[in-house]
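Q: Sequence:
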Amino acid sequence: MLTTCLHFSPILKRFALTGFFCLCGWIATPLWALEKKPEAAQNKPAKPSIALEVEIKGISGPLLDNARAYLSLEQQKNLDTLSAIRIKRLFKSAPKELSRALQTFGFYHAQIQTELREPDGQNKTWQAIFIVKQGKPVTLQIVEINLSGAGKDDAAFQQLLQQQAPKIGEVFRHKPYDLLKKNLQDLAEERGYFDANFTQHRVLVHKPSYQVDLFLHMETGARYRFGKVKFLQDYFQPALLEALIPFKPEEFYSTEKFLKFRSALGGSDYFQDIKLQSRRDRENQVVNIAVKLKRRNRRSYRVRVGYGTDTGVRVLLDMNYRYLNHYGHRFVPSLGWSFNRQRQIANLSYIIPLGDYRTDYIQTTLAYKGEDFYSSDMPFNGTETLDGRTRVVDSSITLAKYHPRHVAGLSLTEILSLTYLEEKYNLMPLLFSAATQEVLEELEGTDIGSLSPLRPHFKVLYAGLNWRYTQADQRLRASKGQQLELRLKAARKGWGSNVSFTQAWLKGRMIRRLAPRSRLLLRGDIAYTQVDTLDILGTFNANDLPKELQFRTGGDYSVRGYKYEEINGGDETLGSGKHMLVGSIEYEYRFLEQWSAAAFVDMGNVFNRFNKMQLKTGIGTGIRWQSPVGPVRLDIAYGLSKTSSPWRLHLNIGPDF
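Residue numbers for the sequence shown follow this note's numbering, so the first one is -5 and each next one is one higher.
If you're looking for bench data, these hints aren't it; they were derived computationally from the structure.
Every value quoted in this text rests on a predicted model; they were computed, and no experiment measured them.
Honestly, I wouldn't trust all of these hints.
Calculated cross-link-like contacts (lysine-lysine; reagent style DSS-like; alpha-carbon spacing at most 25 Å) [as the list claims (entries may be wrong)]:
1. Lys501 x Lys418
2. Lys118 x Lys82
3. Lys118 x Lys363
4. Lys146 x Lys161
5. Lys395 x Lys483
6. Lys483 x Lys453
7. Lys175 x Lys224
8. Lys269 x Lys224
9. Lys90 x Lys71
Between beta-carbon pairs, the in silico distance windows are [unchecked claim]:
10. Arg80 x Arg507: 28 to 36 Å
11. Arg276 x Gln152: 24 to 32 Å
12. Asp275 x Glu416: 39 to 47 Å
For glycine and all other residues, C-beta sits at the position ideal for the given N, C-alpha and C.
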């Protein structure tokens, strides 16, 4: 047994040594971990092993920036692989690179002095110094730019050349010349000259004479036309989709109309996936288009909960039936409620598209609106302090046709409409106490006259015409834009109505930039109504017109500093007026990228007689936040014409136009 153990002793020694080293390694592991560099430090770019400074003297501005961009020595000076050999090699090629950089600006006679300083005992950095004398630039002696083919007489090409073509005597620069070539190619593509090519593009530099000859010839070839449009879908009637095509068969091709077609399909709200594939038929010189469409879900729902200083808490439920049948008819019901005045609104709209859904369609709308009015809303209530309430209920049906219209070179949205409106309410609780009401009802039919004007039941069939023009560089937050809208309405007694009236309402809005960070906003409304005035009990005068068609003003979107529709014209109007005048001027300054401050003055009122017009004024200041859905405006305004509670907070959200 002893002999056997002695025989295996070398093996045991090896196991013992192996175990010892493993144990030492295990113990040493934490020490190595402590010495491990942090991960962030490992990810830092390594510093170059050699420091290099590049200095270019004699030029500045864009010329210097371009020189640095061309210089390989400048581009590679911070690489960790930089070595002395590479510095010397790049330094040798630097004069040629600088020469090319200067030539792009027309300097073909530049003189460049170079100096490379190696590190010494005091300075540990390589220094590459270039002293540039740019000299006199070359100028254009001959400019020969010719177009041939079908695009020779195209006004778009002529306009481009007039704006961008270089002229004799100008300094020749490469960048404008290259940009002109690119723009000519892009324009040819956009306007359907798909076979266009440059038959000659030469630049001859005569260095001794400092002159340049430029030759640029383009053969545009034939202009292609729109060919067949094939819709790859199996639901909608072809006529519905064909009405969205913004070009006629065999019309000259343009990318603008191709993209407009894509936008019309997307704006129709019928499709969730739209793919347009254009195929060029070079033999017949036409562009055929295949349109692959995938329908969206038929229905969508949206619940909106909000708050406004005028409305209080409000809840809106919108339902949208995007299509009811193969003809693309729509059904859009909506319900709304707001706390202030307990306003209830219901609308049922049925829409028949005639072309582009956004601008050309017929709409039938059934509408209901009910809201409370109080004695405090009346300009006076006799000699008694009343807290009466009445409910005004409006029901209507409207048939309207929306379509684009061009008038005096302007693109307008025109709306022709016919509306039947029925309205009922009772003014007596707002004007008299319960006891007085009982007395008046007992005396009705005697010398005091009829009380029916105080308890009207209007039935009005009226026609409407609406023209709206909008032009803005941006809809959400415009720096320049204007909007003008004209609304005309008229009814005649006996023609489906128990009243007669004519009404015109002109609304305008203008925005102009005053400086890079400020803009001016102007707004105005003027309305006039021709209608009979009723004498009530020899004390009040009232317009023989539904309240829905009369005017009140005040609130977030009219005269700030006053509650919603608080301005009612005073004693002359009995709560609503037949004429209106409102104006506003506002200055806005943007102090941060998404934040602006504003100051404003609003004026306005409603009235029945121009000689009794008394404008109410509100002034204030506010702050705006440019949110993704448009500006959020928070204003604090002071009603100068108010004797009590003149301060008011206003909040509204939405685009400028």
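Q: Against this structure, judge whether each hint is valid.
A: Results of checking the hints against the structure:
no., hint, in the structure
1, Lys501 x Lys418, "violated (28 Å)"
2, Lys118 x Lys82, "holds (16 Å)"
3, Lys118 x Lys363, "violated (85 Å)"
4, Lys146 x Lys161, "holds (19 Å)"
5, Lys395 x Lys483, "holds (15 Å)"
6, Lys483 x Lys453, "holds (15 Å)"
7, Lys175 x Lys224, "violated (35 Å)"
8, Lys269 x Lys224, "holds (12 Å)"
9, Lys90 x Lys71, "holds (18 Å)"
10, Arg80 x Arg507: 28 to 36 Å, "violated (52 Å)"
11, Arg276 x Gln152: 24 to 32 Å, "holds (26 Å)"
12, Asp275 x Glu416: 39 to 47 Å, "violated (60 Å)"
Consistency with the previously given hints fails for numbers 1, 3, 7, 10 and 12, ordered from lowest to highest.
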